[in-house]
Structure formats: C-alpha cells, structure tokens
Amino acid sequence: MVTLSLADIIPFLLLAARWTLLLSAIAFVGGATGATLLLLWRYGAPKVGGVATSLYIQLFQGTPLLLQLFLVFFGLPLLGVEVSPLAAAGIALTCYASAFLAEIWRGCVDAIPRGQWDASASLGMNFLTQMRYVILPQSLKIAVPPTVGFLVQLLKSTALASIVGFNELTRSGQIVANATFQPFLIYGLVALIYFAMCYPLTVGSRVLERRMRISR
Amino acid sequence: MAELPDPSAPMIEMRNVNKWYGEFQVLKDISLTVAKGERVVICGPSGSGKSTAIRCINRLEQHQSGQIFVEGVELTDQIKNIEHVRREVGMVFQQFNLFPHLSVLDNLTLAPRRVRHQSRKETEALAMEYLARVRIAEQAHKFPSQLSGGQQQRVAIARALCMEPHILLFDEPTSALDPEMIKEVLDVMVELAESHMTMICVTHEMGFAKTVADKVIFMDHGQIVEVAPPDEFFSQPKNERTKLFLSQVLKH
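As you go down the protein sequences, you meet chains G and C in turn.
Taking this note's numbering, the leading residue of the first sequence gets 55, the next gets one more, and so forth.
Taking this note's numbering, the leading residue of the second sequence gets 12, the next gets one more, and so forth.
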C-alpha cells in the first residue's frame, strides 16, 4: 500500500480528465461530422441512402458500445492496422456517436413541416440550398437539448475506453485506488470530476435553449 | 442537359397525365393547355385532384404517365429540367409556408440570392418593390408569426414574385384565411391577373373566377369534367356534376 495525500491524488486525476475531455471532443466532432454525412446521404438519395443509413444506425444502436470498442481494438490489428488505445476508442466512439446523432437529428429534420420543403423547392432551391438555408436553421433550434443530452452521455461513455487500456479519468482512478486501497474516496472523487464536466454542459444547453426561444 | 425553352410553345401543356397513390388513381387522363397570359381557375369538390394536378406542374408531385411541358421543357426525372421549371413557376400555398426563422425581407430575398445569385442590395430593392405592390412594405422587418394570415399570404405572393416567374400557381390561397382577410389577398391576385401574369388558381372563390378567369375548369374524381369561359361555365354548365357542384357553392 502506498500512502498518497489528496494533494497528490487530485492533480493526478485532473490531469487524466484532460484525456477524457480530448476523447469526448474527438468523438463528438467525429460523430457530428459522421451524422451530418449520414443525414445528407439519407435525404439526398432517399432510396439507397435511406436503407444504408438506417442499417448503419440499427447496427450501432443495437450493439453494446463496449463490444464496438473491442471489435475496433482487436479487429483492426487483424487487418494489419495497429491502433493505439486512443485511436481505437476514438474510432469506436465516433462510429457510435454518428449513429445516435444521426438518429436524433433525423427526428429534428422530420419535425419541420412538409410545407417548408414544398415552398423552398417551388422557389427553385436545390437540396443542399434547402437544407442549408431553410431546413437546418429550423431543425437546429429543436436539436440543441437532445444533442447536449447525448453529449453528456457520450462524455460518460468514454469511461469504457479504460478497458482497452486508455489512460483516461476512470482508468487513472482505478490505478490510484489499487495503490491506495481507498476505492470509495477515489471513485467518489472521480465521479465528482465527471459531474463537474457534465453539469456545465447541461446548464449551457438550458441557457442556449432559452436564448433561442427569445430570439425566436 | 436542360432543354431550351421553346418560345412558341404554350406556357403549360399536360398530355394525358395519370397519377396513382398506391391503388388509388388521383389523376385520370388530365390534358390541359395554358397559353401565355391566360388565367385559369380550377374548382371542384375536395379530393377531386385539383391540388395534385397543379403540384405536378412544378413537380412537387410526380406523375406516372403522360407528359407535362412547361414553356416547352418536359418534366422528367432530369433534375436540371425540374430546377429550370421551378425557377420559372412560382407557387402560393394554402398554408402560406413562409420561412418562420427569417424576417419578411429575408423570406423574399433568400431564393433570388441563393438560386439566382443576385446581390443582397439588388434583391432587397426588388423585394421592397414587391412588398409595396402587395401593400405591406412597412412590415419588411417583422417575422412571419407577427403578421395576420392575410398579411402572411400577401408576403408569400411577393416572395413568389421576387423570382420573377413567368407562371404563378395558387393552391387554395384563401382557404386558410379568416373571412375578413380573404378580400385583401384576392385584391392582390386580381391586380396580378390584370397585369397578364399567367396564372392557374385552385380556389373556391367563384367571384374571383367570374372576374378574372379566361377559363374555368371543373374537376371531379381526378378527371377534368368541364372546361368553359366563366360566363358560360356559371350560366349554362353542361355536365350534371358541375351543375350539382355549382348549386352547392353558389347557394349562399
């Protein structure tokens, strides 16, 4: 057993939290990009794109994230691609987030009345112009709360990356807990740090939502 | 490649157009020619296919057989043809369908800027001109939800006009309006008709049909039942179904 003071433990955990934030950011940016592409494919080519994107979404929504992580981490080396734990976790979380965000945003696009598509089409706008200037600006407003909700979930899901050996917050907590034999204290601290990262997101979303409602 | 418009062609020509929703046939053998500057009113009971028919003209709906030509350009799956036709054909909807996230002015300038790539300054001048024409210039900086139904519909007409279309389609433009607002919209439409805009108007406003239409079309069960100039249409309808319909709408 090692004796460590809180003054040692807290900075150690906070430094590890940076990796949690980095992985969350990668997954969110990657997921948002992936979801946008999936949506454009779905609405731009309803026949092929519709089936393909719905298959993709079903696949990633219907399997545990942990297994997706394993499949990337152990599967890519079989194809001759060596991946670091960060890369594996980044790829798996990106695929996972793409599927969920695509599904959330699809709902937000579908919530826009049919008449908006009709009116913009009747003015000669092509699909991308309709999306960019008419549909997405309206969908964006209703998309904020569920998107932030998912982002909070995503941030917490990065804890799973500890299993493939990525040294983020949860894994660092495990390491310290194993060394100090104070699991309750350490995991309590870890949970507090997760909360400190998630809470501002929730508050921010609420503020944004209110501001959008005021500016109509 | 988009076909080039043929100046000698009629503005709109529908040849034996048929359309089904699953098993249900909404349009049966619709044939119709509209000349330049002609003003056509389509009436008929609800569910008779009249809205579907005009929505085929700018391909908001696809027909399954027959041919539709707009200024000589045939509407097919060719996206170039569809976009070309849509730039020349404006549409006004029953539910107005203004863009709620944009101001009145931006509603008008969006398509000219993003489709015709005109400058902001140019399109704003154009927009103000059309807003003045529908007598609503002072509302330019409001949002659609701050306007009454009649005002929204006039904005929608101005929005369609900003693309400087050759043809305007009206899909029951006054059906969603409170009675006291119908007149302000009809007045604008009458002015447009007097300026010799080619118009096809699906409406129950028989007074409007009498005043401005060159011909009135009666549709029932997906078919064109009767076509006649308004004085003949209202005084001596030939078809029994037309007579029944007229007796129902003209009773009041």
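Any given hint could be a false lead.
[Stated by the list, open to error] Quick list of the computed label-pair ranges, beta carbon to beta carbon: (1) V83/G <-> K153/C: 34 to 42 Å; (2) I158/G <-> D88/C: 25 to 33 Å; (3) P118/G <-> R131/C: 35 to 43 Å.
[Said to hold, decoys possible] With a Cα cut of at most 25 Å, we get these calculated DSS-like pairs of lysine-lysine: (4) K262/C <-> K249/C; (5) K221/C <-> K195/G; (6) K221/C <-> K254/C; (7) K194/C <-> K249/C; (8) K101/G <-> K249/C; (9) K254/C <-> K39/C.
What the hints contain is simulated information worked out from the structure, not anything from laboratory work.
A quick note: this is a predicted structure, and the numbers were derived from the prediction, not measured.
By construction, the Cβ of each residue, glycine as well, lies at the ideal position given by its N, Cα and C atoms.
| request: For the pair we were handed, K254/C and K39/C, check the Cα-Cα distance against 25 Å. | output: holds, 21 Å
| query | Can the suggested window of 34 to 42 Å be confirmed for the beta-carbon pair V83/G and K153/C? | reply | The hint (34 to 42 Å, Cβ to Cβ) holds, given that V83/G and K153/C are roughly 37 Å apart.
| query | Is the Cα-Cα distance between K101/G and K249/C 25 Å or less? | reply | The given pair, whose Cα atoms are some 46 Å apart, is violated under the 25 Å limit.
| query | Are the Cα positions of K221/C and K254/C separated by 25 Å at most? | reply | holds, 16 Å
| said: Does K249/C sit within 25 Å of K262/C, going by the straight-line distance between their CA atoms? | reply: holds, 18 Å
| request: Sort out whether K195/G lies within 25 Å of K221/C, counting only the CA atoms. | output: Not satisfied, since the Cα-Cα distance of roughly 46 Å exceeds 25 Å.
| message | The hint says 25 to 33 Å between I158/G and D88/C; measuring C-beta to C-beta, is that right? | response | holds, 32 Å
| request: Would you mind confirming whether the straight-line C-alpha gap from K194/C to K249/C stays at or under 25 Å? | output: violated, 30 Å
| When you take the CB atoms of P118/G and R131/C, is the distance between them in 35 to 43 Å? | violated, 51 Å
Checked against the numbered hints above, the structure breaks hints 3, 5, 7 and 8 and satisfies the rest.
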